[in-house]
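Chains W and G are the protein sequences, given in the same order.
Under the working numbering, think of the first position of the first sequence as 1, with each following residue one higher.
Under the working numbering, think of the first position of the second sequence as 1, with each following residue one higher.
Since the hints were derived computationally from the structure, they do not count as laboratory data.
You may find that some hints are simply not true.
Claimed, not checked - List of simulated lysine-lysine pairs, DSS-like, C-alpha gap at most 27 Å:
hint, chain 1, residue 1, chain 2, residue 2
1, W, K94, W, K300
2, G, K277, W, K112
3, W, K135, G, K59
4, W, K112, W, K56
5, W, K94, W, K118
6, W, K812, W, K661
Unchecked claim - A short list of chain W residues far from chain G (calculated; beta carbon distances all over 10 Å):
hint, residue
7, I474
8, A527
9, T529
10, N611
As the list claims (entries may be wrong) - Coverage of chain W stretches by chain G, computed from C-beta distances (three or more under 8 Å per stretch; other residues unrestricted):
hint, stretch
11, 486-497
12, 715-727
Beta carbons: idealized from backbone N, C-alpha and C, even for Gly.
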Amino acid sequence: MRVPLSWLKEYVDITLPVEELAERLTLAGLEVAAIERIGAEWDRDKIFVGEILEVKPHPNADRLVLAVVNYGRGAPMTVVTGAPNIRVGEKGHKVAFATVGARLIDGYSEEKRYMTLKPSKIRGIPSEGMVCSEKELGISDDHEGIILLEDDAPVGVPLADYLGDVVLDIDLTPNLARCLSIIGVAREVAALTGQRARVPDPVAVAEGAPIDGQIEILIEDPDLCNRYSAMLVRDVKIGPSPKWMQRRLTLAGMRPINNIVDVTNYIMLEWGQPLHAFDYDLLRPRRAGGPPAIIVRRAKPGERMTTLDGVDRDLTPEMLLITDGGGPVAIAGVMGGLESEVTEQTRNVLIESANFHAINNRRTSQALKLVSEASIRFSRGIPASRTVPAATRAAELMRTLAGGVVAQGVADNCPVPQEQKTVRLRPEQVGRVLGIDMTADEVKATLERLEFECAPAPDGLDVKVPLHRLDVEIEADLLEEIARMVGYDRIPTTRLRDELPPQRNNPPLELARRVRSALVGCGLYEALTYSFVGAEDQDRLLPPASRADLSVRAVEPGPHLRDMLPCILAADACIRLANPMTPERTTMRTTLLASLLAVTAANLRFTERVNLFEVARVYLPVDDKGLPNEVTHLGIVMTGPRTERSWLTPEPEHQDFFDLKGVVEALMAALGIGDWHVEAAAHPTFHPGRCAHLLVGDKRVGIFGELNPTVRVAWELPEQRVCLLEMDLDAVLGHVSAAVKFQPVSRYPAVVQDMAIVVDETIPAAEVERVIRETGGRLLRNVVLFDVYQGPSIPAGKRSLAYSLTYQSDEKTLTDAEAAKVHNKIVQRLAAVLGAQLRGPSGR
Amino acid sequence: MLEQLSDIRERAMAALAAVDSLTALDAWRTEYLGKKSFVTAALKSIGQLPPEDRPVVGKAAHELRLALEAALEEARQRVLALEQERAAQAERVDVTLPGRPATLGRLHPITQILYEIYSIFAEMGFQVYDAPEVETDELNFQLLNLPPDHPARDMWSTFYTTRDGILLRTHTSPGQIRAMRQFCPEPIRVILPGRVYRYEAVTARSESMFHQVEGLAVGPRITMADLKGVLTDFARRLYGEHRQVRFRCSYFPFTEPSMEVDVSCALCDGAGCRVCKHTGWVEIAGAGMVHPQVLRNGGYDPEQFTGFAFGMGPDRIAMLRYGIDDIRYFYSDDLRFLAQF
C-alpha cells in the first residue's frame, strides 16, 4: 500500500518526523519498505510555481512556442517549449517553472540522468528557463507534455512546498487488510501516536428523485454476498478528474482514467471498499417495463463474459457474478464487464458498493488468474458496514467533480448484517502470555486507543470489537493488540524459568555427525544436493538393457524399496511434483547416486579430482497415496587422482575400488561397527567386477564399487574410474556402538611371522583371513595381508597371498617356538579347509 | 729418541687438529698409532736400548701412546658431530617448496551453521527433533490455522505433489504439531531443522529448496518475554555479543502475537549498507507465541500451557556470515566453493 502523507494528513495529524513515524509503523507490523520523497530533489530557490502570461508563436519553428512565465521573482521570463499541451494564444496555465541552474532529469534520456539547466538558444531564440514535464521532475516517466497545475496554485511558491509529498510504501501482511486504505492507516497512526483518527461520516447532497423503483437488487446467493448497496448519480459529465485527485491516485500507484472511474478508485484507496461504476442506462431490466436490475448469483455452467480488460472469460458455477436482466455484467469483486463500462457517452452512473465472500472471491481470482485492486481487498475481507458510507462519499464526489445529481437514498440489500463481536479478556492473561504486568485499567486504556470499547465483565473485560476489525476474534488477538500498543521493545527480556523438559539422546543425529566427521577426516567434501531430480535421471543410472529388470529397477511403491540399494524407482511411481518449476526438478529422489553423479559431472569440467559425500534423505513411497518413508542415506563419490598433483607426485595414480573400500573401513571403525563385511555383488549401475555389498550383521546396508563404464558414458563423464557408494544410515543405527570396548595392551613383546600361501583365485581373501583368525585364537593379535601376487611362478588359476601375523600373549614373553606352533597350525588348517599350499614361510 | 718422541707428539697433535672426517681420522690413527707407526715401533724397539735408557724411553713412549689415544677419542667425537652436521647439511631442502598435499575434507557451510545453531540451543535445553519433508496439507497448513484458501497461504508458494493432500513442506512448522503430539503432556523444548521447499524460480536471492530451523517451547509458564530472551541470547551468540536485537510486530497465522526479529547489521554496524538495504537491520527470524488453536491441535490445553515458536534460515545466516551474495552456490556443490569453508 502506497500512502501519500498529504492524503493521510486529512484523517490524522502527523506529529512525528517521517522517519520516526515509519519506524513506529514498522515496529507495529506495518512494515515501511520505502519512504519516497516527492520533490526532495527540487531546488527550492530555482523551481517555482509559475503562471504563463502569454503563449506566442516561435518565429523560426512551427512545433515550438514561446511561453512568457511569471514566477513571482522579478521580471517574467520567456522560455521556448515544444509541449503539446499549451497552444499559442492560451494564458493563465499554472506550471512548474525551473530557472537556470536548476537540477532536473533529462527528459530525453532513456535512463534516469540528472542535468543542470543552462541558458540556451533554441532556433535563434534564447530560453531563460524551462516549463517542466513530470519526467523532468522525477514524478513519473511522462514526458508527453508539461505539468499543468491547479488554477489556484500560488505563483512564486517553491514547487517543493506546493507539489512535494512523501509516500510511505507499506508492506502489509494478510491480517492487515484494514490498512489497505488511507483511513485504515490513519487509525493505526492515531493509535500509535495517541490521537483519534478523523473518520468522517459521509453525506451526499441528494437532490434527485429517490432511488426506490429506479433499480432492483436481488441477491440470489446471500452466502457469497451479504450486502449489496447501490447509489445512482444522474447527468454526470465525463471528463478528467481534478489534478489533485489524479496526483493522489498516481502517487498511490493507480492510473487516472476519468472522473467517474477515478472517484471509485479514490474511494477504494481511501476507505478500502472497492466500488464499481455501471453505466446505468446499459443495465437491463428483469422484465419489460421494470427498472434496471442487479442480480447477484453464481455463474451458470458454460456462461461467459468479456471483462473490462477485453478478455473473454469462461465462468464456472463457483464464481459469483453481478448480472442484470440480460446477463453477466461483472465478476463480483474481481472485474467489471466491458459492456456496461462507463464511457465518454455515459450520463447516468450506478455505484455498486457491495460485500462479497472473501474465500470465494480469492478462488475466483485465482482460477481466472486475475488479481485486481478490488480482489486484493475483497479476498482479505471487508466489513459489510462500510458499503453505505463508501457509496455516499463516492456519490458526493461525483456530484461535485462530475456535476451529477444524486438520487436520494441508497438501494441497500443486506441479507446478512454485520454483527459487532465481543471478546472476553482476562487481564491476568497479559502477564501469563506476554510477561508484563498490567492492571485492568491499563489494559482498557490501551485497547481504547484502537477504538475497542471495554466493559467490566465477571472475570475481566468484555471488549467490543470495532466493526472495521475483522481480524480480532479471540482473546489472543487482543493480547497481540496490547503487545503492539505497548511496543514489543518494552516487553521485558527474560530467561526461561520453566522446568527443563526431559533431555533425550538423538541417535540418528549423532550417527550423521560421526559419519560426517569421519568422512571429512578421509578428505571428502560434503555436498548438499537437491532432493528432487529430473524424471529420467534415476533411470540413467542403469544401462538401457537393464531397465526392464525388476530386481534393479522398481516400478511399484512399497516397503520392499527399502531393501533396494540403490533404489531406482520408475519416475511415475516416485513422489512427483504436481507443479514443478523446471524439468530438472520434478521427482523426489529414491537414491542419492543420480544427484551425486550430476554434481560430479559439473565439477569434472574444471577439475579431475572429485571426492564428495552427502548425508540426506531419500523418499521411498510405501503406497500410492500416503506419505513416503524418508530414509537417511549416505552417498559417496570418489574419482580422479589419489592426491592432488604436485612436484612430489607429478602423476598420481587414480582412485579405484580400494580407495573407496579404505574409506568404508575407516568409516566402520569410526562408527564402532564391528560386525560388518562385504560380499561381491552384481548390479548394472556398477562395474561388473568391482562392486560389493556392505553388510552389517546379516543385513545389506550398502552397495559400493566403481561405476559401470556404460553408465559413465551415459552421464557424459570423462574416461576415468568413478567410485560410488550408497548406504542406508538408518539401517545401521542399532549397530553403532557409542562406547569403545577397551582392549588391554600387552606388556610382553610380540612375535611377527610371515606366511605366503597359494590358493585358488576364486577363494575370497576375506575367507582366508577368517580361517587364519579362527585358527590363530587368542595369541594371534594382528593379520596384515601385505602381498597379493599372480604371475609366472604361480600356477594358473591360483594366486599367492602373503600375510604378516603378529603373535602375542598377555601373560608372558612368547617364544619363537610357541608362536611357530600356532603358525603351523594355521598353515595346516588353511591347507585342509582351503587347499592352500605354503609358498615359503619366513620369520622376520 | 726422546726428542723424536716429542717431535712426533707435536706433529701428531697438529695433524689431528686438522682432521675433519672419519676417513682422515682413520688415516691419522694408522699413521700415529698403527702397527707401522713410530710410537709402535718405539715401543717395540725398547728392548734394544741400553738397559739404563729403557725405563725413561719406555715411559715416554707409553705416555705418548696414551696421550695420542686420548686425543684420538676426543677427535672422534668432534669429527662424528662434524660428519652428522655434514650429512644433515646435505639434506637441506628449499623450505619454500609446496608441501605434500594433505587433503582434509570440509563440511558444507550450511551444515557448519546448523551445527553451531544446534550447540547454542542445546545449551538452553533445546534438542533436535526431526520431521518429514514430504508433508500433508493438513500439517503444513490446516493445523497451523491455514485452512484451504486462506489468504495467508500466499506467504508460502507451495510445491504440491500428484498425491492428494500431500505437498513438500514449505516451512519446518508442521514439525511443531508432530512434536507436540509426540510429547504431550510433557513440556517441550525442541528445534526442528531441515530442508524446506518453495515454488519459486531459482535466482541469486531465492531458491526452490533451502533450510530452516524451527524452535518450539511449550510449558506451563512460558511468556513472550522468555521468547525475547531466548532469541536475544541466541542472536548475540551467533552474530556477536554487541549486536542489537529488535522485535517487530508481524503476522503468522500459527502464532499470536507474532514478530520478526532483526539484528543490527554487522557489516555497517547499523549505519545502513547494501546488505541491510540501508535500514541498519537484518531480519533473522520470524517468531511468536503459539496460537491457542495450534496448541490445542497439538494436544495441549491453552489454559494450562503457553508456548513460543520461531523459525530462521541457515542459508541466509551463512550468506550473511561469509558475504555470499548468491544463494545458488549452496546447492551447486562446486568444489571451488565448498573448499573455502
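Out of the numbered hints, which ones does the structure contradict?
As far as the earlier hints go, 1, 3, 4, 6, 7, 8, 9, 10 and 12 are violated by this structure, in ascending order.
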